[in-house]
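Here is what each chain is made of, one letter per residue.
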Amino acid sequence: METFIVSVIFIVTVGSACIVAFSNNLVYSAFALIGTFLGVAGTFIYLNATFLGLVQLVVYAGGILVLIIFAVMLTSKINESSRSNPGANYKAVVPLVLLLVLLVGRILTRDVWTKDLSGMAHEPTITALGNLLLTDYLLPFELVSVVLLAAMIGAAVISRRKVKTQE
Amino acid sequence: MEDFIKNYCWLIPVLPLVGFVFNGLPTAVGIKLSRAYVYTVACGVMLLSFLMGVGVFFTLKALPETAREFTNLVWPWIHLEAIQLDIAFLIDPLSSVMILVVTGVGFLIHIYSTGYMREDKDYARFFTYLNLFCFMMLILVMGDNLMLLFVGWEGVGLCSYLLIGFWYEHKPNGVAGMKAFIVNRIGDFGFMVGMLALFWALYNTGHATLTFTKLKTVVWFLQPQTILGVSAVTMICLCLFVGATGKSAQIPLYVWLPDAMAGPTPVSALIHAATMVTAGVYMIARLNFLFTLSPAALGAVATIGAATAFIGATIGFAQNDIKKVLAYSTVSQLGYMFLALGSGAYAAGIFHLTTHAFFKACLFLGSGSVILGMHHEQDMRLMGGLKKYMPITFMTFLTATIAIAGIAPFAGFFSKDEILWQAFARAVHGPKVYYFLWALGVLGAMGTAFYMLRCVTLTFFGTLRANDKKTRELVHGPHKDHHGHHGDLVPHEQPWNVTLPLVVLALLSLVGGFLNVPYIITHFFGGHSSGLFNEWLSPVIPLQAHHEVSSLEWVLMFKSVLVAAVCMYLGYKAYTSWQTGVDRFVKKFPRIYDAVYNKYYVDEFYHAVFVRGVLLFNKCCFSVDRYIVDALVNLVGRFGAVYSDIIGWFDNFFVDGLVNGSGSITDFTGAQLKKLQTGNIQHYAYGAVLGVVVVMILKILM
Amino acid sequence: MTITPFIIMAVILFCLGIYIVCTRVNAIGFLLGIELILNAASVNFVAFARYHENEIGGQVFTLFIIALAACESVIALAIVLGVYKNYKSINTTNISSMKH
Amino acid sequence: MENVTILTWITFIPMLGVILIPFLPKAWEGASKWIALVLTLPQLAIAWFIFSHFNTAEAGFQFVHGPFPWISAFNIHYLVGIDSISVSMVLLTALISFVSVVASWGINKNLKAYFALLMLLDTGMMGTFVALDFFLFYVFWELMLLPMYFLIGIWGGPRREYAAIKFFLYTLLGSVFILIVMLALYLFSEGNLFDITQLANLDNHLGRLAVTDEFNYFRFFCWLGLFVGFAIKVPMFPFHTWLPDAHVEAPTAISVILAGVLLKMGTYGMLRFNYMLFPDITADCATVVAVFGVINIVYGAFCAMAQTDLKKLIAYSSVSHMGFVLLGMSAFTTAGINGAVLQMFNHGTITAMLFILVGVIYDRAHHRDINGFGGLYTLMPRYGVWIAFAFFAALGLPGLSGFIGEALVFMGAYKTFPALTIAALSGVVLGAAYLLWTIQRAFLGPVNEKYRDLPDISVREVISLLPLGVIVLILGVYPMPMIRLINASLVSLNEIVKPFLDTAGVVAGMF
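Residue numbers (the working numbering), protein chains in the order written: chain A, 1 to 167; chain B, 1 to 702; chain C, 1 to 100; chain D, 1 to 511.
There could be a bad hint or two in this list.
Here are the simulated distance ranges between beta carbons [claimed, not checked]:
| no. | chain 1 | residue 1 | chain 2 | residue 2 | range |
| --- | --- | --- | --- | --- | --- |
| 1 | D | Trp9 | B | Asp651 | 26 to 32 Å |
| 2 | D | Asn110 | B | Trp75 | 29 to 35 Å |
| 3 | D | Pro446 | B | Ala595 | 58 to 64 Å |
| 4 | B | Gly640 | D | Pro446 | 45 to 51 Å |
| 5 | B | Lys121 | D | Pro22 | 52 to 58 Å |
| 6 | D | Leu41 | B | Ala608 | 44 to 50 Å |
| 7 | B | Pro224 | D | Met480 | 56 to 62 Å |
In silico BS3-like cross-links for lysine-lysine, where the CA-CA straight-line distance does not exceed 27 Å [as the list claims (entries may be wrong)]:
| no. | chain 1 | residue 1 | chain 2 | residue 2 |
| --- | --- | --- | --- | --- |
| 8 | B | Lys674 | B | Lys599 |
| 9 | D | Lys26 | B | Lys171 |
| 10 | B | Lys432 | B | Lys559 |
| 11 | B | Lys470 | B | Lys587 |
| 12 | A | Lys115 | B | Lys432 |
| 13 | B | Lys675 | B | Lys599 |
| 14 | B | Lys32 | D | Lys450 |
| 15 | B | Lys675 | A | Lys91 |
| 16 | B | Lys387 | B | Lys469 |
| 17 | B | Lys573 | B | Lys559 |
| 18 | B | Lys171 | B | Lys32 |
| 19 | B | Lys599 | B | Lys587 |
| 20 | B | Lys121 | B | Lys214 |
| 21 | B | Lys674 | A | Lys91 |
| 22 | B | Lys619 | B | Lys171 |
| 23 | B | Lys559 | B | Lys469 |
| 24 | D | Lys450 | B | Lys121 |
| 25 | B | Lys559 | B | Lys470 |
| 26 | B | Lys171 | B | Lys6 |
| 27 | B | Lys387 | A | Lys91 |
| 28 | B | Lys599 | B | Lys588 |
Note that these hints are calculated values from the structure, not bench results.
Computed from a predicted model, the values in this text were never measured in an experiment.
Every residue gets a Cβ at the ideal spot worked out from N, C-alpha and C, and that includes glycine.
Here chain A stands alone, though its shape is the one from the complex (with noise of 0.2 Å):
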């Protein structure tokens, strides 16, 4: 059963990730970055972190993939979508990700890895995150805070000089 569920959620991931690396319509792209989104999410809720699949869900399904559809839309016209996303530097590009992936997977391969998860609780973790994040982790959980009211501000602060400038 966990290998199904397991071997379920890889496929999704890992095959939407190609969709998403092999597409040359950037909107397909757009699309099938949400199995891989949602994948990624399994994976989480089952490697007992409930609350980061869910957030993962809200935030990367929920938020910026749709900031990414939006932007899409905005700057590519429909009739060019089929060839919206095109590629270059296969030559260079695919022998060094070929490259890549032998060395990870040496690295992989050069220890084995044996613990079991079976037998291991499936206990709620949000409260212990909480806990940690007003406690050891406050001051990175704060900067965090900074920075993204930092980003919300320079968004805008682009954005409007954008429309200033039209003016």
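Once you have looked at the hints, place chains B, C and D on chain A.
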């Protein structure tokens, strides 16, 4: 009164200083003072000072003879271990006499100057200087230590400089002042050396001091000391005497005094006859206890004195400028004073100083009166017959002339005869060389009588030659209208403020001699005094042991008078009825005449040897400085420059080449590498990944 | 179940992300690749956190990654829009003012 | 008076000017001279305070401020203090600074820079005299060079660049020697010292620097290094040729400072360093120093006589007068060394007057050729009075301060070097000769019609001369306050050297 005098005798020098400040400060800042103010202040302070001096005299007189000495401390001057010098004034009989001479004659000359300088534009400046001079002179005679005496010594030198060059716009006047100061400085050089040697010689005995009262008690310790194998006392005395030759115009440093006549005549009278030039005499008399210890030094003093007395007198024969005659006469008379000092007769020296102050001041002031009367004509060849025009001047001048010639009972007789007798007496009892010195003295006295009468005759007798065109051309050269004065010159008598001092001084030179009647004469009249003056000075200058009353002294005395009288007669005749004979003599022995007329070419000699020498030497020094020392510096500089050029070249080609090389390598590499900068973000990402891959490969391999 | 499939998944996501980043010309495509790389990292964090004594520090970092990813995409998209306004294109090959 | 800040104040008050003046707006440029003037006044006030509160019985350092660690790694401290060697120099510096600011009133080129540099120079000079740490001393010593270079090089006469560079390089050469010796002292002293008060204790000299019975050549070369370094500043023959050039080209106020203060640093340095730190070598070499002193006196006087440039003449007369200081210093008698320091002070005031006076005539006639004047006294009688006063002070007329210094030097030196003293006395005669000859040529004689319209000396110029004149006069008739002020440390300095004199046995009776 007595306490007042004792506590306030510093006022005597300070009063003229007050006058100096009151007249000098406004003049210095450019305020034009009224003449009445100037002379009231200047003469007023001198009068007060003189009255104080009189007060001092009587205060001293009231004291018992042994207690006639007190010191008025003003403030400590320099106190450093052994050096204990104060600004303090010593009052004793010697300084009281000097104070009276300085303030008394000074006051008279101030009065005279109000008349003499009445038309001068720098009236206030003149009196300023004159007051300053009196201040300095009083410091000189009142200072209680050698260093303070030196302050006055230099101070009067300064005033002399300022006053000789008073009419500085005429170049020779300034030059004469400069000459006076520098020649005096040469003397001061000796003075300083003497003072230093004295101090440290005493220091070695453990009694270092420069204060006169203390010196007197400790000089005995000097006896065994030597400097360079010579007795220390002799060395010190000789050095101090060098100072005296400078200030008192003795051979070899007398050359400045005749030139000093460039100053206004009152100055010549006050500074260059009556007071300043006698400072050397005063100094040696003050240090009599020291000089007495060294017969050798005394011999030197006497020799120089006698030689100066004789040479000065001979030069006087041929001078035509009335003031020059008097100047050489002063040189000669100062020689007598030194002869007295050198004979151990210090009191006689001081006495001659006093009488000389009277009659020589009178003579100078008289000549001043004549010069004024002649409208600033000083050449005697243009004078003559002035007796008629200026009777008071004539009478006073004549009185003083008789006094200086040494005719009894005028002042000069007593003082000069005393000197000659003392020299003779010393020859009898001591070194025989004094006979020779005495003989020189007598010859000088004869000369004095002769040239003084020549002077009187040329000036006052005969007829006025100033309006004689031929004589004028002879004197001033052709086609030169003298001083722009047109028409005939008519001499005239001077107002009261000029003649009054003349009369007073003439009276003093008439009766002054009776202050010090020799023992032999008092003895003849049944007295026992060895002279009031000698006795008065006895606390400072011990009385000479009484020699036996000898008929020889009488003989010499009469001989002096006789010789003087004869020479006066000759002098009179030679320039009245025997004029042609004199001219023939001059024509026959032109060399002798020229030598005398040109003062034996001493000035020329000094100028050629010393002045030229120094000027040449300083040119050499400066050349050395510029062409050797500085050239070396510049050479080092230039060497540095050349060296740095070489280094610079090396630097350019090698060191900098290296630097530039690395620079251009970088440049080249950069030019190649910049092609990687494509601006294409994929390429950058690719680069990053490539880096990761490389690192991973390395990680795995290692 | 061992950790291996999760790691393999992360590797594949990462490599695909790299592939996208290096090949895609479109700026938004480029962004998609970055999202993949970030997700690969998140997966690794969570997986290792789970397999290492159930430590949840990894989860915290994943949380931070998500937050930063949000920031990143907001800013990046704003920039993309800005670039589009200026260049009328979001093709990265056209946007090369930074070329030497 | 321990640990009072007063010396720090007197040193750094002018720095306020260095900070303020550059920030003045161009329109208020004229205010810079007022700022400079206002800053020199508190300096004068502090100098007066020091003069009145100085304990004359105390031979050691007073008004000490510090030590505060400055560069602790090298044992360098900020430490200032004065003893009676330096107190007169501090007074002189304060006075000359004030006078030179007044004398600079007529400067009209680049005012702000000029006065800022002048104030910097002031700090440097003051610091040199108060520093008690060798390193601090060296910093101030160099600090003073720099503004001097610019002041001569920018505001100077026609050959100013040459003169400024000559001055700078020459003095820098001397500084290098001093630096080397400073490092030698640091390396060979107990606990690596820069502190002069501790270095003065000869037990702290270690290793090659240790005082030995036989002649220690290492110590000798250290002594020589310091001596040459300071002798250049004095300036001692044959290192004097920078002085005439620098003086001739420098503007008036800078000449005043140069002659008034800078030359004294040389002799001050000798007393402070050669005498205090190397008394043994000093004792051995005293005769040589005295000989050089006499050469300075006579040679300087002869060179002065050969000049036709008024300023150059006075520059050479400075050479001559500084010789007296060298002579007095090397005699090791109380009178001699007191006379030397007194002469330093007096020469400062008198020569300052002379240079101001030369500046006055140069401002009016635009040349300084002695033979080109004539009869100036008639045209400028008030100026003539000042000239006469200053010249007679310079030739050592009794009653003015110059005489006291010279007389004490002679009194002191005669005991040790009779023959040299007599030779030096001839300098007095020569001094009279060249100064009077100058008066004769330039100021007396017939009026030169060309200068008929020269204005007389102005009130401002008189203000700059007046304090100097008053001091010259007062010290001439009542020098005791000054002698008391300087005596204590000088006596103890003599005592430091004397034991070595006896063992050396070189000096006594040689000349």
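Structure-based check of each hint:
The beta-carbon spacing between tryptophan 9 of chain D and aspartate 651 of chain B, approximately 47 Å, falls outside the hinted interval of 26 to 32 Å. Between asparagine 110 of chain D and tryptophan 75 of chain B the beta carbons are some 49 Å apart, a value that contradicts the proposed interval 29 to 35 Å. A beta carbon spacing of about 33 Å between proline 446 of chain D and alanine 595 of chain B contradicts the range 58 to 64 Å that was offered as a hint. In this structure the hint that glycine 640 of chain B and proline 446 of chain D lie 45 to 51 Å apart at CB holds, the actual value being about 49 Å.
Taken as a hint, the range 52 to 58 Å holds for the pair lysine 121 of chain B and proline 22 of chain D, whose Cβ atoms sit roughly 53 Å apart. For leucine 41 of chain D paired with alanine 608 of chain B, a C-beta distance near 57 Å fails the hint of 44 to 50 Å. At roughly 35 Å, the beta-carbon separation of proline 224 of chain B and methionine 480 of chain D lies outside the given 56 to 62 Å, and the hint is violated. About 102 Å separates the Cα atoms of lysine 674 of chain B and lysine 599 of chain B, which puts this hinted pair outside 27 Å; it is violated.
Straight-line distance between C-alpha atoms of lysine 26 of chain D and lysine 171 of chain B comes to about 51 Å, which puts the hinted pair past the 27 Å bound. Note on lysine 432 of chain B and lysine 559 of chain B: the hinted pairing holds, with a Cα-Cα distance of about 21 Å set against a maximum of 27 Å. Between the alpha carbons of lysine 470 of chain B and lysine 587 of chain B the distance comes to roughly 19 Å, so the proposed pair stays at or under 27 Å and holds. Using a Cα cut-off of 27 Å, the hinted pair lysine 115 of chain A and lysine 432 of chain B is violated, with the two alpha carbons roughly 144 Å apart.
For the given pair, lysine 675 of chain B sits about 105 Å from lysine 599 of chain B by alpha-carbon distance, which is inconsistent with the 27 Å threshold. Distance restraint check for lysine 32 of chain B and lysine 450 of chain D: the Cα-Cα separation of roughly 26 Å lies within the 27 Å cut-off, and the hinted pair is therefore satisfied. The suggested pairing of lysine 675 of chain B with lysine 91 of chain A holds, with an alpha-carbon distance near 20 Å, which does not exceed 27 Å. Taking the CA atoms of lysine 387 of chain B and lysine 469 of chain B, the gap is about 22 Å. The hint holds against a cut of 27 Å.
The hinted pair formed by lysine 573 of chain B and lysine 559 of chain B meets the criterion: a straight-line CA distance of about 21 Å does not exceed 27 Å. Distance hint between lysine 171 of chain B and lysine 32 of chain B is fulfilled; the C-alpha atoms sit about 25 Å from each other, no more than 27 Å. Simply put, lysine 599 of chain B and lysine 587 of chain B have alpha-carbon atoms about 18 Å apart, close enough for the 27 Å limit, and the pair holds. With a CA separation close to 48 Å, the supplied pair lysine 121 of chain B and lysine 214 of chain B exceeds the 27 Å bound.
With a CA separation close to 23 Å, the supplied pair lysine 674 of chain B and lysine 91 of chain A stays within the 27 Å bound. Among the hinted pairs, lysine 619 of chain B with lysine 171 of chain B is consistent with the structure: their alpha-carbon atoms are about 24 Å apart, no more than 27 Å. Note on lysine 559 of chain B and lysine 469 of chain B: the hinted pairing is violated, with a Cα-Cα distance of about 44 Å set against a maximum of 27 Å. Distance hint between lysine 450 of chain D and lysine 121 of chain B is fulfilled; the C-alpha atoms sit about 23 Å from each other, no more than 27 Å.
Using a Cα cut-off of 27 Å, the hinted pair lysine 559 of chain B and lysine 470 of chain B is violated, with the two alpha carbons roughly 42 Å apart. The hinted pair formed by lysine 171 of chain B and lysine 6 of chain B fails the criterion: a straight-line CA distance of about 46 Å is larger than 27 Å. As the CA atoms of lysine 387 of chain B and lysine 91 of chain A are separated by approximately 143 Å, the hinted pair breaks the 27 Å bound. For the given pair, lysine 599 of chain B sits about 19 Å from lysine 588 of chain B by alpha-carbon distance, which is consistent with the 27 Å threshold.
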